[in-house]
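Build out the structure end to end from the sequences listed, making use of the hints.
There are 2 protein chains.
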Amino acid sequence: MSSTSARRLNIDNINPHVREAKYAVRGELAVKSEEYRAKLAKGDTDLPFTQVISANIGNPQQLDQKPITFFRQVLSLLENPLLLQHEEVLLNQLGYKTDVIERAKWLLSKAGSVGAYSASNGVPAIRQSIADFLERRDGFPANEADIYLSGGASSGVNTLLHIICEGPKTGILVPIPQYPLYTASLSVLNATCVPYYLDESQNWGTDLEAIKKGCADAKAQGVDVRAIVIINPGNPTGASLSEADIRSVIDFAREEKLVVMADEVYQTNVFIGKFVSFKKVLRTLQKENPGKYDSVELASLQSVSKGMVGECGHRGGYFELCGFDPKVQAEIYKFVSITLCAPVIGQCLVELMVNPPKPGDPSYELYDKEYNGIFNGLKERAYALWRAFEKMEGVECGEPQGSMYLFPTVKIPAKAIEAAAAEGRSADEFYCLRLLEATGVCLVPGSGFGQKEGTLHFRTTFLAPGTEWVGSIVKFHEDFMNKYR
Amino acid sequence: MSSTSARRLNIDNINPHVREAKYAVRGELAVKSEEYRAKLAKGDTDLPFTQVISANIGNPQQLDQKPITFFRQVLSLLENPLLLQHEEVLLNQLGYKTDVIERAKWLLSKAGSVGAYSASNGVPAIRQSIADFLERRDGFPANEADIYLSGGASSGVNTLLHIICEGPKTGILVPIPQYPLYTASLSVLNATCVPYYLDESQNWGTDLEAIKKGCADAKAQGVDVRAIVIINPGNPTGASLSEADIRSVIDFAREEKLVVMADEVYQTNVFIGKFVSFKKVLRTLQKENPGKYDSVELASLQSVSKGMVGECGHRGGYFELCGFDPKVQAEIYKFVSITLCAPVIGQCLVELMVNPPKPGDPSYELYDKEYNGIFNGLKERAYALWRAFEKMEGVECGEPQGSMYLFPTVKIPAKAIEAAAAEGRSADEFYCLRLLEATGVCLVPGSGFGQKEGTLHFRTTFLAPGTEWVGSIVKFHEDFMNKYR
Chain D
1 MSSTSARRLN IDNINPHVRE AKYAVRGELA VKSEEYRAKL AKGDTDLPFT QVISANIGNP
61 QQLDQKPITF FRQVLSLLEN PLLLQHEEVL LNQLGYKTDV IERAKWLLSK AGSVGAYSAS
121 NGVPAIRQSI ADFLERRDGF PANEADIYLS GGASSGVNTL LHIICEGPKT GILVPIPQYP
181 LYTASLSVLN ATCVPYYLDE SQNWGTDLEA IKKGCADAKA QGVDVRAIVI INPGNPTGAS
241 LSEADIRSVI DFAREEKLVV MADEVYQTNV FIGKFVSFKK VLRTLQKENP GKYDSVELAS
301 LQSVSKGMVG ECGHRGGYFE LCGFDPKVQA EIYKFVSITL CAPVIGQCLV ELMVNPPKPG
361 DPSYELYDKE YNGIFNGLKE RAYALWRAFE KMEGVECGEP QGSMYLFPTV KIPAKAIEAA
421 AAEGRSADEF YCLRLLEATG VCLVPGSGFG QKEGTLHFRT TFLAPGTEWV GSIVKFHEDF
481 MNKYR
Chain H
1 MSSTSARRLN IDNINPHVRE AKYAVRGELA VKSEEYRAKL AKGDTDLPFT QVISANIGNP
61 QQLDQKPITF FRQVLSLLEN PLLLQHEEVL LNQLGYKTDV IERAKWLLSK AGSVGAYSAS
121 NGVPAIRQSI ADFLERRDGF PANEADIYLS GGASSGVNTL LHIICEGPKT GILVPIPQYP
181 LYTASLSVLN ATCVPYYLDE SQNWGTDLEA IKKGCADAKA QGVDVRAIVI INPGNPTGAS
241 LSEADIRSVI DFAREEKLVV MADEVYQTNV FIGKFVSFKK VLRTLQKENP GKYDSVELAS
301 LQSVSKGMVG ECGHRGGYFE LCGFDPKVQA EIYKFVSITL CAPVIGQCLV ELMVNPPKPG
361 DPSYELYDKE YNGIFNGLKE RAYALWRAFE KMEGVECGEP QGSMYLFPTV KIPAKAIEAA
421 AAEGRSADEF YCLRLLEATG VCLVPGSGFG QKEGTLHFRT TFLAPGTEWV GSIVKFHEDF
481 MNKYR
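Taken in sequence, the protein lines are chains D and H.
For the first sequence, my numbering gives the first residue as 1, with consecutive numbering after it.
For the second sequence, my numbering gives the first residue as 1, with consecutive numbering after it.
Simulated from the structure, these hints should not be mistaken for laboratory data.
Heads up, some of the hints might be wrong.
Since the list can't tell identical chains apart, any single copy or any two copies may satisfy a pair.
[Unchecked claim] With a Cα cut of at most 27 Å, we get these calculated DSS-like pairs of lysine-lysine: (1) Lys39 - Lys334; (2) Lys369 - Lys452; (3) Lys369 - Lys66; (4) Lys358 - Lys66; (5) Lys32 - Lys334; (6) Lys169 - Lys334; (7) Lys379 - Lys369; (8) Lys32 - Lys110; (9) Lys39 - Lys110; (10) Lys327 - Lys66; (11) Lys358 - Lys105; (12) Lys105 - Lys66; (13) Lys391 - Lys369; (14) Lys169 - Lys22; (15) Lys391 - Lys105; (16) Lys415 - Lys369; (17) Lys415 - Lys219; (18) Lys66 - Lys411; (19) Lys475 - Lys391.
Printed below as a string of structure tokens:
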């Protein structure tokens, strides 16, 4: 008996639901790109490119984006409160402003040490600050007891799906294309993903008929459909829902008794259209129609990883619940307790995100300049990339709408599809793999997000600085098309 | 139809496995203690105590423990790298040493920004630093590719159990008493907890016969027992396993083909006995008996939350795998990818923990003083508490051995047991609730960790400063015994 076969765990006997989960954003291509990066770092000159561009993941600070100064100054004081014994040095020699010092003192007074566990649902004062923000944003009250700090939005999604999914027959409506966190988490939980297709011909709009059809088909198969995920603005599409769209989704959720999970992590990354929160529309509907919408359950998620904050590595986020049964909320509290609490420094960063310097505050001018600089930079890069795609044969891409991504359609020659099949790969995977090998640019094949049968896409972030990498995609595409034409 | 009944989610239809999970460390008593704390903060003077002592959870910095200066100085520079443009100010006016600056620069060069996602398994250079530490600690090589950074050890346990548990028939041997993370996670995963009892008469020693019996009983019932959890030093018991004990556990694991999960988060919190790692013993056995132990799979966990570091709020930790199938490791990598990565600032803190200042380094003297101060303080408090327990009628407690806890047996009068039953509570819960109401001291009833039928315990940390709270426990106990005698 070899030592391998003597092992207790092997690929065939581990948790089958983990084995079945797919997460292409950090899959084979991403792993291969990291190998290339390591090779280049060691001085390897055999590769046909000199840098790896990780356009597979919305990770702004891995690329060019600088953190916002106000945020990081406060965090530095939270990490080393002894610095607060030297206020004159901070103010006169290190460029800290009085509002930085005040905020740090306030957060320390509320969180104690950032090295201490907080309450399982987060530091109470931070939950209150989030509630205040939500009230300012939506014009409706928010309750700190309904807010849960999480380790990024991913951990919030994990919590919510853990509670909602009763068993294999539980169905969750998920948009396609979607961020694969949803399908992967549902796989791990052994619940049923009920897809509904976004309408590419309407610039990836949310089509109520498609939702109804997805829901009805699943119910006909005995699936207990109990929640709908909406990613607004969309990932990977960038599309924002109009207020009318949101009303019809909420109406449908009310009729079908579906919990609404609104993933709103790109709420400030909007170029076309306007972000309107599900919470605001729900409260408006409740006000307009007393009693009618009281039973609607809504969970909205937000994160420090996206927007102009871009602080992915800090794993900060929160979700707000509306209309949930208090006994169910108690179970959510217990569930998050098992892993104790979200990172406290990340919680503090959430507080800074929702309560940034205001006009007149000493740090406002710099904050505003940095914030707008990031916003405009993202928009410029998005358009530069889009214009490049416009020129590429067989590539179609809607105008950039928001989020951090473009998700073009690619039509590739039959010969390329055959060559992919010969390698046992999907055609979009084959295309992205060849692109990575030739240029060092890492994209994610559309199959990683889901796409209509017979269509091919890829997702790219527009975070990477410079235009050279865009040029290298254009050049690769031309060669690829010529090779397989 | 009331709006409540119209809700989609209620306590009866959510995930039953979440509903069944128990996590007493942050359960009813902890929630009640937070309510008391909030009351006191508002100036309430109706309560019979003036402060809440959270002795229910190992959360050093919530109480008296100050963070270690070297760690926090480095973290402040990672949060605000702009400070590195002012080295003279840092060195001459703010008390930073050159090794602080060097370490911060090195970590930034390896992690990029702490606001960027790292690789899913952690920053490569940090994994290498952990491997170097393990090699120094154990005298055997360690491979960075086998190390996974996690959000505290809890998240590592969650990952490992997710992979190991194939279905409801999968059994995991768990010590009783145990830290309830294990039973709660197994509930959520709908897998089977296979208890084995620690031997209180041998100061909570690990009894191989009890393990054999637990395993055999479960197998007789058709359970697929495939892993054993060892908490060493123990939580809540503090007991350290001898090298001989570890050898027999590994031998048994080899014979029965059990994956060994060694929870070693208290490895530096040892007063009696000596910490020996499972990894060291496994590698020693492999060296002594070529081939015989090659199939043993070991996962060892460590955290920044415990030890003299005590940085719970930073959610840093790691696990190391030995002997795992590469294909299984690839699934672990995929699983951790779904929630992207552990908090990067927490990863950096792990690096500082495993690679602290060495003798001769500029920061060494202060580091050493702080480290020993914390160690001695914990030991003194443990003994003070133990001496108080020694004097309490019906309370028996072994000499403090390590970890952050004492776990005494309490014998309470039959009348108190009846009064508890009348309230529908277990007797230990009743005792701890009355104690909380009378003194503001929050303990965890022994039933939260598991205890032999007919015995009653509670767990208390020995982290809280001062002796007043200890006196209040002694006084309460006397009154309680007199009331129910």
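Hints, one by one, checked against the model:
1. Proximity of Lys39 and Lys334 under a CA criterion of 27 Å is satisfied inter-copy only: 22 Å between copies versus 45 Å inside one chain copy.
2. In this assembly of identical chains, the alpha carbons of Lys369 and Lys452 never lie at most 27 Å apart, being 42 Å within a copy and 64 Å across copies at closest.
3. With identical chains, the CA atoms of Lys369 and Lys66 are at most 27 Å apart within one copy only, with a shortest distance of 12 Å there and 37 Å across copies.
4. When the C-alpha separation of Lys358 and Lys66 is checked against a cutoff of 27 Å, the pair qualifies only within one copy, where the shortest distance is 21 Å, while the shortest distance between copies is 33 Å.
5. For a Cα distance limit of 27 Å, the shortest separation of Lys32 from Lys334 across copies, 14 Å, qualifies, whereas the shortest one inside one copy, 39 Å, does not.
6. Both within a single protomer and between protomers do Lys169 and Lys334 lie at most 27 Å apart by alpha-carbon distance, with minima of 24 Å and 25 Å respectively.
7. Taking the shortest alpha-carbon separations for Lys379 and Lys369, only the intra-copy value of 15 Å comes in at or below 27 Å, while the best inter-copy value is 52 Å.
8. Taking the shortest Cα distances, Lys32 and Lys110 sit within 27 Å of each other only across copies (19 Å), while inside one copy they are farther apart (44 Å).
9. Taking the shortest Cα distances, Lys39 and Lys110 sit within 27 Å of each other only across copies (15 Å), while inside one copy they are farther apart (46 Å).
10. For a Cα distance limit of 27 Å, the shortest separation of Lys327 from Lys66 qualifies neither inside one copy, at 43 Å, nor across copies, at 37 Å.
11. Taking the shortest alpha-carbon separations for Lys358 and Lys105, only the intra-copy value of 18 Å comes in at or below 27 Å, while the best inter-copy value is 33 Å.
12. For the identical chains of this complex, Lys105 and Lys66 are neighbours both inside a copy (25 Å) and across copies (17 Å), given an alpha-carbon limit of 27 Å.
13. Taking the shortest alpha-carbon separations for Lys391 and Lys369, neither the intra-copy value of 33 Å nor the inter-copy value of 66 Å comes in at or below 27 Å.
14. For a Cα distance limit of 27 Å, the shortest separation of Lys169 from Lys22 qualifies both inside one copy, at 20 Å, and across copies, at 25 Å.
15. In this assembly of identical chains, the alpha carbons of Lys391 and Lys105 never lie at most 27 Å apart, being 54 Å within a copy and 43 Å across copies at closest.
16. In the homo-oligomer, the alpha carbons of Lys415 and Lys369 never lie at most 27 Å apart, since the shortest distance is 50 Å inside one protomer and 70 Å across protomers.
17. For the homomeric pair Lys415 and Lys219, neither the shortest alpha-carbon distance inside one copy (40 Å) nor that between copies (56 Å) is at most 27 Å.
18. Taking identical chains as interchangeable, the C-alpha atoms of Lys66 and Lys411 are never at most 27 Å apart, the minima being 36 Å within one chain and 61 Å between chains.
19. Within a single copy, Lys475 and Lys391 get their C-alpha atoms as close as 11 Å, which meets the 27 Å cut-off; across copies the closest is 82 Å, which misses it.
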